[in-house]
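**Student:** Spelled out from the first residue to the last, the chains are:
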Amino acid sequence: MMKTSIKLIAVPDDACLVERLDLRVLMSKALKIEERLRKGVNPDDEQRRYHILCDRMEYLGSFIGMNKSVRSVELGIEYFELLLQIQARFPVEFRSARVSANFCPWSKITEQISLFENLVKRAGVSDRKEIQEKIRFYRDAEKNKLHILELQEQLITEDAEVNPEDGLISKFLSIPVSDKITSAKDVNSFMALRNQINTVIADMEKGIQTGVNFSDLAHNVITEILREFVYQGGRPMYLPVIYADGSKGKPLPIRCLKFRSEKLKALSKHPILNVGMMSGRHHEMDEVVKVYFFRNQEISIGKTAAESDEAAYVRAKEIFEKLRSEGIYRIAFFQTGFQPAVVGFYRALTEELLKREKSAPELEVIPHYYFGEEYEEGRVWS
Amino acid sequence: MPTTEEVLHGLEAFKKHVTDYENSFRKRNKLPKNFDYRPYRWCSRDIVFSLLVVKHNRKGNFLEVDVCLIANPPQYVENSGAKVALGFLLSESYKCGGSMEIVFTSNVEGGRVPAYICDLAIEMGVKLKHVFEGHITPFEARQLYLGLAGFSQTAKEKIMKMAVDKLISPERVCFLIMGGVWSLSEAESIILGSRHPERLLQSASDPEDRHLYLNDLRVAGSAILGGVLDRKLLRTELFEGGQIVESEDEESPLAIDFDSVYFAKIYHADTELMIPWIDENKMLSAGQRMVVLVRARSDGEIQKYFLNDLGSLKKLIAKYRKDATTMVFYLVPRDFEDVSLAFQTQIISQLKKEGVYLMLAPDSMTSLDKEAIRRLETGRRTRQ
Numbered sequence: 001m002m003k004t005s006i007k008l009i010a011v012p013d014d015a016c017l018v019e020r021l022d023l024r025v026l027m028s029k030a031l032k033i034e035e036r037l038r039k040g041v042n043p044d045d046e047q048r049r050y051h052i053l054c055d056r057m058e059y060l061g062s063f064i065g066m067n068k069s070v071r072s073v074e075l076g077i078e079y080f081e082l083l084l085q086i087q088a089r090f091p092v093e094f095r096s097a098r099v100s101a102n103f104c105p106w107s108k109i110t111e112q113i114s115l116f117e118n119l120v121k122r123a124g125v126s127d128r129k130e131i132q133e134k135i136r137f138y139r140d141a142e143k144n145k146l147h148i149l150e151l152q153e154q155l156i157t158e159d160a161e162v163n164p165e166d167g168l169i170s171k172f173l174s175i176p177v178s179d180k181i182t183s184a185k186d187v188n189s190f191m192a193l194r195n196q197i198n199t200v201i202a203d204m205e206k207g208i209q210t211g212v213n214f215s216d217l218a219h220n221v222i223t224e225i226l227r228e229f230v231y232q233g234g235r236p237m238y239l240p241v242i243y244a245d246g247s248k249g250k251p252l253p254i255r256c257l258k259f260r261s262e263k264l265k266a267l268s269k270h271p272i273l274n275v276g277m278m279s280g281r282h283h284e285m286d287e288v289v290k291v292y293f294f295r296n297q298e299i300s301i302g303k304t305a306a307e308s309d310e311a312a313y314v315r316a317k318e319i320f321e322k323l324r325s326e327g328i329y330r331i332a333f334f335q336t337g338f339q340p341a342v343v344g345f346y347r348a349l350t351e352e353l354l355k356r357e358k359s360a361p362e363l364e365v366i367p368h369y370y371f372g373e374e375y376e377e378g379r380v381w382s
Numbered sequence: 001m002p003t004t005e006e007v008l009h010g011l012e013a014f015k016k017h018v019t020d021y022e023n024s025f026r027k028r029n030k031l032p033k034n035f036d037y038r039p040y041r042w043c044s045r046d047i048v049f050s051l052l053v054v055k056h057n058r059k060g061n062f063l064e065v066d067v068c069l070i071a072n073p074p075q076y077v078e079n080s081g082a083k084v085a086l087g088f089l090l091s092e093s094y095k096c097g098g099s100m101e102i103v104f105t106s107n108v109e110g111g112r113v114p115a116y117i118c119d120l121a122i123e124m125g126v127k128l129k130h131v132f133e134g135h136i137t138p139f140e141a142r143q144l145y146l147g148l149a150g151f152s153q154t155a156k157e158k159i160m161k162m163a164v165d166k167l168i169s170p171e172r173v174c175f176l177i178m179g180g181v182w183s184l185s186e187a188e189s190i191i192l193g194s195r196h197p198e199r200l201l202q203s204a205s206d207p208e209d210r211h212l213y214l215n216d217l218r219v220a221g222s223a224i225l226g227g228v229l230d231r232k233l234l235r236t237e238l239f240e241g242g243q244i245v246e247s248e249d250e251e252s253p254l255a256i257d258f259d260s261v262y263f264a265k266i267y268h269a270d271t272e273l274m275i276p277w278i279d280e281n282k283m284l285s286a287g288q289r290m291v292v293l294v295r296a297r298s299d300g301e302i303q304k305y306f307l308n309d310l311g312s313l314k315k316l317i318a319k320y321r322k323d324a325t326t327m328v329f330y331l332v333p334r335d336f337e338d339v340s341l342a343f344q345t346q347i348i349s350q351l352k353k354e355g356v357y358l359m360l361a362p363d364s365m366t367s368l369d370k371e372a373i374r375r376l377e378t379g380r381r382t383r384q
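Taken in sequence, the protein lines are chains U and P. Position 226 of the first sequence, counting from 1, maps to 226 under my numbering, and the rest follow consecutively. Position 287 of the second sequence, counting from 1, maps to 287 under my numbering, and the rest follow consecutively.
There could be a bad hint or two in this list.
[To be verified] Straight-line C-alpha distance at most 25 Å; calculated DMTMM-like pairs for lysine to aspartate or glutamate:
| # | chain 1 | residue 1 | chain 2 | residue 2 |
| --- | --- | --- | --- | --- |
| 1 | U | Lys143 | U | Glu117 |
| 2 | P | Lys161 | U | Asp166 |
| 3 | U | Lys29 | P | Asp206 |
| 4 | U | Lys3 | P | Asp259 |
| 5 | P | Lys304 | U | Asp159 |
| 6 | P | Lys129 | U | Asp179 |
| 7 | U | Lys7 | P | Asp206 |
| 8 | U | Lys145 | U | Glu111 |
| 9 | P | Lys282 | P | Glu246 |
| 10 | U | Lys248 | P | Asp165 |
| 11 | U | Lys206 | U | Asp179 |
| 12 | U | Lys269 | U | Glu377 |
| 13 | P | Lys304 | U | Asp55 |
| 14 | U | Lys32 | U | Asp14 |
Since the hints were derived computationally from the structure, they do not count as laboratory data.
Please model the complete structure; the sequences and the hints are all you need to start from.
**Tutor:** See the structure below:
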């Protein structure tokens, strides 16, 4: 079986240059890419460049390790397992603390090892031998002004074949999955989505992995039915979201808002701002709206529908946060049929309204559904 | 078996769908959406296995099948038409993001699950509960898909275990095979030969998490190297119009097993095969077995780990050479040529001493890495 072992080597400044390759230059370039990746700028290109740089550093590391006398320590195969454990518990911190990075310039060691120490403590693995060794090695490199490279080795260990678990087939067959049939009768789209969401809620309660498929549904249907569930009474919950390309969006909060008509009255004196959903898609809308909420380029760059949904959600959250400090907004939201953007927008709106629930009413969104040449007004979100 | 009237009715419906498709999409140079009816004809050369018309039903979130005509050509294995049709229906259902429920309309044998598919389900030991209502439930679809993908018993057990532990859905594993991201034997190498196959099969690691990503790349590279050899051995050549051409749909009869203890592939041929990438002309005769230790290693790694590999080869020999005709090979990428000549000679002589053949793949670690990245990226865009 293939297993991964990790070895650390500490490289002094004067050993960094091998022929034309300079480890310090490679590390600095890779750090800049990490920064751009955090900002989400051209992630595909940046990831490709990052892979090449890491590859070169590893090559350089192996060369230095073999040909120069440098300090090193083997963390062994269990260290990789610990990495996976930490990532499973703290995925965000795992990335920000650069736990899985293969290099650390001397200038970053103090910061990085402190974050690592903190994280392993929280993950309850700080007393593990491999972790202690890594911390010791980093602290030593910090004192001696050394850069660190973490090199991977693929080992093939001859483990004995494992016998299958008792009762595996019956356990497999009892994994909750729907064994019911859906009525193939034709119902209208609103009712169909309502039924689908109700089925998903019922399945979730039984522990069945499921999700509402929003792809290919009309944008007015999504908005109106979603609104119905967001303002519905009952136990608040998150609705899993999937798309027809198979990608999985962030879940949507439902049964979490209360509709108060007095809020609407309080806002009714204020002017309405016409806002289009996304630029560059329906130019005939340009005359009707003052501004667009999303730039087409920012949202539809994702490869999967879930990535577009996420991009719309993040951008909408940023905008709503900014609007919070600007006072009252009544928005007539002229929307079209790009489902991931619609879902991302209303997820952000629901969360924003939840945040503002206890404060005075300052935000209202009135959906305006664009159907070719006509607009239809939807129910208000406030 | 469907009646003549049902077949004629199905053919009529298929013809109509083809005309509609031509008018709505082909002539307008437009592509259909998942929720549009799409006709498919599954053939091998001039033999038709199945005619299908499907769409994703948006309201019910299931796959709707309006035409499902299946043939069982006698030249092929039993139920081959049903296997082709069901494999496509399950994969299409997964691809469209539906619930995996499949619904047959009244155009299909009067609105029931087609008889050939029922036969296949019986053969696989899966009980269909709604045959005459024309539905296959997600629960039934899961078992059919896993049965149809063709995994070995050990791999199937590991997939079930991963599903029980909520690590990966069995549908995704099957789709990666049926959708052509990984070949069956490559997937078996990943599933049985690595500690966390679910991470690779889900493309769970981003390049920024270098250790996790590199680990997946290396496992993928090893599986791909083995897959390159599979394809080379399976390939058959035909003599057509005075030229030798590669057959697209016929493969050499070859059984491929995987030894997870040594990350080695075991091939049993039913017909005589030319063994590729070795220094001499050797044939694998019908009934003979070849054991290949697969090592996707760079030149530096070959030097570093050769003694370990030699140890594994000796153990492999002890395990498989009870049958004296078994041939043993050491498969490495072209990077071997970058190893110093002195070390190359040393490796070759040590292998010779053990009766092991050195097999040099035409691929380098760079090309294996490139292919591994491509597959991981494809997997990232595939339904989880």
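**Student:** Please go over all the hints and tell whether each is borne out by the structure.
**Tutor:** How the hints compare with the structure:
1. Lys143(U) to Glu117(U): holds, 17 Å
2. Lys161(P) to Asp166(U): holds, 11 Å
3. Lys29(U) to Asp206(P): Holds, at about 18 Å.
4. Lys3(U) to Asp259(P): holds, 15 Å
5. Lys304(P) to Asp159(U): holds, 21 Å
6. Lys129(P) to Asp179(U): Holds: Lys129(P) and Asp179(U) sit about 9 Å apart, inside 25 Å.
7. Lys7(U) to Asp206(P): Distance of about 21 Å is within 25 Å: holds.
8. Lys145(U) to Glu111(U): holds, 14 Å
9. Lys282(P) to Glu246(P): Status holds; Cα separation ~21 Å.
10. Lys248(U) to Asp165(P): Holds, at roughly 20 Å.
11. Lys206(U) to Asp179(U): holds, 12 Å
12. Lys269(U) to Glu377(U): holds, 19 Å
13. Lys304(P) to Asp55(U): holds, 18 Å
14. Lys32(U) to Asp14(U): holds, 23 Å
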